[in-house]
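K.L.:
Sequence:
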Amino acid sequence: MLYKQDRKEILKADFDQWGDVKPDKMDGIPAPPLLKAPMGGEKVDLVKEFDNIVLSNDFLNILEQRKSYRKFTERSLSLDELAYLLWYTQGIKKITDSYTFRTVPSGGIRHPFETYLMINYVDGIVPGIYHYLPEDHSLELLFEDEDRIEKMKIAARNQKYVADCAVTFIWSCVPYRTEWRYHMSSYKTILLDAGHVCQNLYLACGAIGCGTVAIGNYDQKYLDEYLGLDGDDEFVIYMAPVGKV
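Just so you know, we're using this note's numbering here: the sequence shown kicks off at 745 and counts up by one.
Keep in mind the hints are simulated off the structure, nothing from the lab.
Honestly, I wouldn't trust all of these hints.
[Unchecked claim] Straight-line C-alpha distance at most 27 angstroms; calculated BS3-like pairs for lysine-lysine:
no.	residue 1	residue 2
1	K787	K838
2	K838	K897
3	K752	K965
4	K815	K932
5	K815	K988
6	K766	K787
7	K792	K988
8	K932	K787
9	K748	K932
10	K811	K988
[Claimed, not checked] Label-pair distances were calculated between CB atoms; the ranges are:
no.	residue 1	residue 2	range
11	V870	K752	13 to 21 angstroms
12	D891	D867	18 to 26 angstroms
13	K787	K838	19 to 27 angstroms
14	H927	Y843	37 to 45 angstroms
15	D768	K904	14 to 22 angstroms
16	K897	R819	28 to 36 angstroms
17	K766	N801	45 to 53 angstroms
18	V798	K756	25 to 33 angstroms
19	I853	E888	32 to 40 angstroms
20	S812	D889	33 to 41 angstroms
21	H940	A775	34 to 42 angstroms
22	M770	K897	44 to 52 angstroms
23	M770	E894	41 to 49 angstroms
Computed from a predicted model, the values in this text were never measured in an experiment.
Idealized CB from N, CA, C, for every residue including glycine.
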């Protein structure tokens, strides 16, 4: 039971308990990079104009109809539809030397996430594993993998719908972006931020006739290694399959 109680503590606001422990920001240590550097893969530019794909602008109706989907059709997403989902989950509206102002909120404007995609059915896109580059709203191909669907099923502990979809969103976390500002109180903030991102995906899916479901149960080590993440400075924190419904 002590283990259970220790785990609960991360849910509490504890900023007042760390008065003698200064975050690196207060010690004058420079902020970490705002974004992960491109890894050199083939790039795909994305649009920011979406009038041709939006089926509903009725926000209240989208909220009312929101639900989780675990079955998807085999219809492909268009590249513009994928661009729409990426923009409204992690798109950068403004960037400065210190901050990225995005389409979702983040504690301290730290935005500790990177977006990876397993793409199966997106028009004009070679299937494979991709990384989103929000600074110029583009994708870079990390690698192609004919076994990606089976590997994603393993990563999702045999939740087959996580792989049998048009695209799977996989968000990683770079904790130090938030730790730099909030130190030991960062982890509650990061978890809250993850919820903001995934809820935006739900709502954006609802506007274009797609569905999704939030996934927190996955094989951490397997998925981190599959994406080439070190599991310490960067690791998977959340995922969500997307498809037409």
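K.L.:
Starting from the hint list further up, note which numbers the structure goes against and sort them upward.
P.N.:
2, 4, 6, 8, 11, 14, 15, 16, 18, 20, 21
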